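*Asks:* As a plain string of letters, each chain reads:
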Amino acid sequence: MSWSGGPHGAPEPGAVGLAARVRAGEVRAADVAEETLERVGRRDGELHCFNVVTADAMRSAAAAVDRLVASGADPGPLAGVPVAVKDNLCTRGVPTTCSSKMLEHWVPPYDATVVTRLVAAGALVVGKTNLDEFAMGSSTENSAFGPTRNPWDTSRVPGGSSGGSAAAVAADLAPLALGSDTGGSIRQPAALCGVVGIKPTYGLVSRYGLVAFASSLDQVGPFAATVADAALVLEVIAGHDEMDSTSLDRPVEGLLDATGSGAGGLRVGVVADFLADASADCASAVRAAAEVLAGAGAAVEEVALPELLHGLSAYYLIAPAEASSNLARYDGVRYGLRVDGDDVEQMNARTRAAGFGPEVRRRIMLGTYVLSAGYYDAYYAQAQRVRTLVARTFARAYERFDVLLAPTTPSVAFPLGAKTADPLEMYLADLFTIPSNLAGHPAMSVPFALDPQGLPVGVQVLAPALGEVAMLRAAGVLEAGAAPGARGPVASRSEAGR
Amino acid sequence: MAVELSSEEVLHVARLARLELGAEESTSAARQLSAILEHVDAVRALDLGGIPPTSHPLELVNVLRDDVERPCLDRADVLAGAPAVEDGRFAVPRILGEAP
Chain A
1 MSWSGGPHGA PEPGAVGLAA RVRAGEVRAA DVAEETLERV GRRDGELHCF
51 NVVTADAMRS AAAAVDRLVA SGADPGPLAG VPVAVKDNLC TRGVPTTCSS
101 KMLEHWVPPY DATVVTRLVA AGALVVGKTN LDEFAMGSST ENSAFGPTRN
151 PWDTSRVPGG SSGGSAAAVA ADLAPLALGS DTGGSIRQPA ALCGVVGIKP
201 TYGLVSRYGL VAFASSLDQV GPFAATVADA ALVLEVIAGH DEMDSTSLDR
251 PVEGLLDATG SGAGGLRVGV VADFLADASA DCASAVRAAA EVLAGAGAAV
301 EEVALPELLH GLSAYYLIAP AEASSNLARY DGVRYGLRVD GDDVEQMNAR
351 TRAAGFGPEV RRRIMLGTYV LSAGYYDAYY AQAQRVRTLV ARTFARAYER
401 FDVLLAPTTP SVAFPLGAKT ADPLEMYLAD LFTIPSNLAG HPAMSVPFAL
451 DPQGLPVGVQ VLAPALGEVA MLRAAGVLEA GAAPGARGPV ASRSEAGR
Chain B
1 MAVELSSEEV LHVARLARLE LGAEESTSAA RQLSAILEHV DAVRALDLGG
51 IPPTSHPLEL VNVLRDDVER PCLDRADVLA GAPAVEDGRF AVPRILGEAP
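Line by line, the protein sequences are chains A and B.
Residues 1 to 498 (my numbering) make up the first sequence, in order.
Residues 1 to 100 (my numbering) make up the second sequence, in order.
Quick caveat, the hints were computed from the structure, so don't treat them as lab data.
Values in this document were obtained by computation on a predicted structure and should not be read as measured data.
Keep in mind that the hints are not guaranteed to be accurate.
Just so you have them, the derived chain B footprint on chain A, three or more residues with Cβ under 8 Å [what the hints assert, rightly or not]:
(1) 52 to 59
(2) 114 to 125
(3) 252 to 266
(4) 291 to 302
(5) 316 to 326
(6) 469 to 483
To spell it out: a stretch of chain B is covered by chain A in this simulated footprint if at least three of its residues, at any positions, have a beta carbon under 8 Å from a beta carbon of chain A; those stretches are [unchecked claim]:
(7) 10 to 24
(8) 35 to 45
(9) 48 to 61
(10) 75 to 85
For every residue, glycine included, the Cβ atom is placed at its ideal position computed from N, Cα and C.
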């Protein structure tokens with residue numbers, strides 16, 4: 001693929017290099033688009049990364065980039081780079097389904113701010129990627145349109161909820177993708193698919209046009225094959241947006257540079273409590289990652305933060321509570337599905353029963369219950385206190401450390417169907433990712449090792465609010481020290497074996 | 001503290017949430033929700049006296065934009081996504097009963 005390095009041995013791999021070659025006129029965006037669409041056509045029937053592929057729009061966008069290059073104008077930092085967009089981000093004129101029957105035929109009248117910024121930067125949107133319905137899940141099996149498969153082993157899940165985006169990057173169907181992360185929905189699939197995934201600081205990236213799940217936790221972020229590519233996307237999509245009242249008005253700079261500036265002097269805390277709850281392979285990857293950072297001049301030590309483990313329980317009260325409120329808008333009136341009834345209330349109830357899948361219905365009921373009279377204080381208010389406890393625990397740790405190191409997931413990619421019978425079992429997949437969402441902090445997963453079956457293992461770097469530069473410095477060092485073959489794309493390897 | 005939701009309670013919650021629920025589904029939902037609540041019940045047992053609740057990660061203040069006219073979404077574009085439209089508005093089934 002063009003972004004895997006040109007025939008003449010281009011110095012920079014990935015999206016950073018591809019954009020440079022397109023900008024220099026060495027590669028035509030139109031050729032990149034055709035190559036991408038050909039690859040998607042060949043592979044996506046099996047993987048189902050995409051709910052829809054926007055071939056015509058991609059070709060037009062590529063032609064526009066090529067015209068800008070020919071005219072000598074600046075086509076943008078992501079010129080000609082394909083990007084896959086999670087199907088809960090609004091795209092004007094293109095269905096945005098959230099992988100739900102409720103929105104199966106809904107076409108938004110506007111673009112999400114992140115999509116606008118990517119397009120303005122010259123990126124080529126390939127299509128909309130599959131997810132767990134309304135981003136609720138950890139395996140992409142909750143999609144109303146069928147699961148996505150993990151390119152490393154198609155009998156396994158890609159993780160979720162942004163499984164389509166993670167798998168698209170892992171299978172080399174696009175070098176970049178966007179996802180959303182409410183409790184781990186970028187980092188967990190990134191780890192299971194051997195790619196880089198970043199959940200930025202809450203408020204760093206606009207949520208305008210992101211279909212709301214749990215508004216105090218949701219954040220948009222990038223997937224990429226390399227740390228530098230992910231940082232570049234973050235530079236493009238981050239920054240104040242007046243259309244999002246929770247958007248931070250802070251300058252965002254130095255992210256891409258940070259990825260290559262080393263870990264010298266960085267103070268790194270290894271979250272000991274998480275290691276005990278991770279599989280042996282996931283825990284040993286973290287220990288090896290700690291050694292890599294220490295070898296690069298970081299000061300590394302273990303730290304006990306047991307309070308973080310209470311985050312899971314708090315999350316599964318707070319997120320469903322917010323979801324039950326946010327999803328009240330699907331009432332059969334303004335958009336989406338309608339199933340008729342004798343009166344408006346029956347129409348609402350029938351529409352919602354028909355439009356929402358089992359996990360979404362479960363979370364709406366759970367959220368409604370914990371917010372209802374008599375239970376609010378016992379559950380919801382108590383969960384909000386745990387949220388404070390988690391934030392204070394982090395604050396204490398960040399007095400001594402610049403970043404924390406932890407496993408991203410308790411295990412590697414699991415087989416399809418392995419956890420669908422027991423919702424709780426599935427929820428535990430988010431144990432190590434949830435605390436950062438509760439605190440609003442940035443965190444990212446970096447592919448670092450392979451387990452004995454050859455499946456990728458990610459390690460997680462956590463940082464305090466707006467600590468992206470320190471986080472990316474550590475991530476860059478970890479990427480350079482990762483086991484050979486630990487990161488995607490995997491498509492070329494499996495195809496070479498045919 | 002075991003949590004046991006009855007199917008009647010689940011049906012009540014479903015009504016509050018405007019979700020039509022059959023008798024069979026209410027039984028399985030009661031079982032699943034009870035299991036989830038039992039797990040998260042750990043938070044109820046924590047002694048968090050004196051710790052204030054957090055509802056949002058940011059110190060939020062109300063945000064107002066400048067009071068300047070600017071275009072909004074086109075009405076036809078917005079209504080194009082609605083299941084039923086009448087005279088440029090969203091159409092809904094009858095809400096009030098017949099006048100006596």
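*Asks:* Now tell me, hint by hint, if it's right for this structure.
*Replies:* A quick look at each hint next to the structure:
1. 52 to 59: Violated - the region 52 to 59 of chain A has 0 residues with a Cβ nearer than 8 Å to chain B, which falls short of three.
2. 114 to 125: Check failed, 0 qualifying residues.
3. 252 to 266: violated (count 0)
4. 291 to 302: Since three or more residues must qualify, the claim that chain B covers the region 291 to 302 of chain A is violated, with 0 doing so at under 8 Å.
5. 316 to 326: holds (count 3)
6. 469 to 483: violated (count 0)
7. 10 to 24: As far as the region 10 to 24 of chain B goes, the hint holds, because 10 residues have Cβ atoms under 8 Å from chain A.
8. 35 to 45: holds (count 9)
9. 48 to 61: holds (count 10)
10. 75 to 85: As far as the region 75 to 85 of chain B goes, the hint holds, because 7 residues have Cβ atoms under 8 Å from chain A.
Checked against the numbered hints listed earlier, the structure breaks hints 1, 2, 3, 4, 6; every other hint is satisfied.
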